[in-house]
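> Sequence:
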Amino acid sequence: GFNAATVYHDGTARLVTASESGYITLPIRSEHDLSLSQFVGDSHGFPALEEVLSGRGLSNVDAWVGAQSGTTDRRDGGAIMEAIAAGDDRARKAVFNFIRLLGNAVGDLSLIHLPRGGIFLIGGVARAVAPYFDDADFAEAFRDKGRFGDFMDGFPIWLIEDDYAALIG
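Per the numbering used here, the sequence shown starts with residue -6, numbered consecutively.
I should point out that these hints are in silico values taken from the structure, not numbers from a laboratory.
Just so it is clear, CB atoms sit at the ideal spot from N, CA and C, and this is done for glycine as well.
Every clue listed holds true.
Here are the simulated lysine to aspartate or glutamate pairs, DMTMM-like style, with alpha carbons at most 25 Å apart:
hint, residue 1, residue 2
1, Lys138, Glu13
2, Lys86, Glu133
3, Lys138, Asp101
4, Lys86, Asp35
5, Lys138, Glu24
6, Lys138, Asp128
7, Lys138, Asp26
Pairwise CB distance ranges (calculated):
hint, residue 1, residue 2, range
8, Ala60, Ala6, 45 to 53 Å
9, Ala60, Glu154, 27 to 35 Å
10, Asp35, Ala11, 28 to 36 Å
11, Asp35, Phe144, 30 to 38 Å
12, Asp35, Leu160, 33 to 41 Å
13, Asp82, Arg22, 18 to 26 Å
14, Thr(-1), Leu160, 15 to 23 Å
15, Ala6, Phe144, 23 to 31 Å
16, Gly80, Leu160, 33 to 41 Å
17, Ala(-2), Glu75, 26 to 34 Å
18, Gly110, Glu24, 30 to 38 Å
19, Ile153, Phe39, 25 to 33 Å
Using the sequences and the hints, build the whole thing.
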C-alpha cells in the first residue's frame, strides 16, 4: 500500500499521527495523468493514490501503459522489475511514470506537512524503483511546485532499506 505518517518530536516525546494518505485522489497535472486516472478509476471505482503508488499500483500503471498500445495482459511488480532490467520499453515507461507520480505526490505531501526533519521512503517497491530515480527525474517531479520549487530543497529525502524499521523504531 501507500501511506504517509508525520512524526512530531518536541524534545521529550514523539507523536506519530494516524493517516490514510493512500486513499487521497491521484494528482492530475496533465492529459497523460488524466488518462491514467480514468484508467484506474474505471478499474477500481476511484483513482486513489494507492492504486498507482504501491505494488499493485505499479501493476496498474504497467497495465495502463500496455493498454495504450492495445495490450491487455497484466504483470505483477516483480515481473515488471525483471522486465525493466531486461530492457523492456513498456516496463521502463511504467516505472518512470510511477517514479514521476511518486515524486509529485511526495512533493504535495511535503507542502502539506513541511517535514523539515526529512522524508523517509520505505518499502519493497520504493527500494525496487530507487535505482531509476535519477533517470526518471524523481527530484524534478518532487520539486515541480512552481515558485516553491527552491523551497522543496529544504526537505531531505532518504530511502530506508530495513522493512522492520517501522516496527523497531
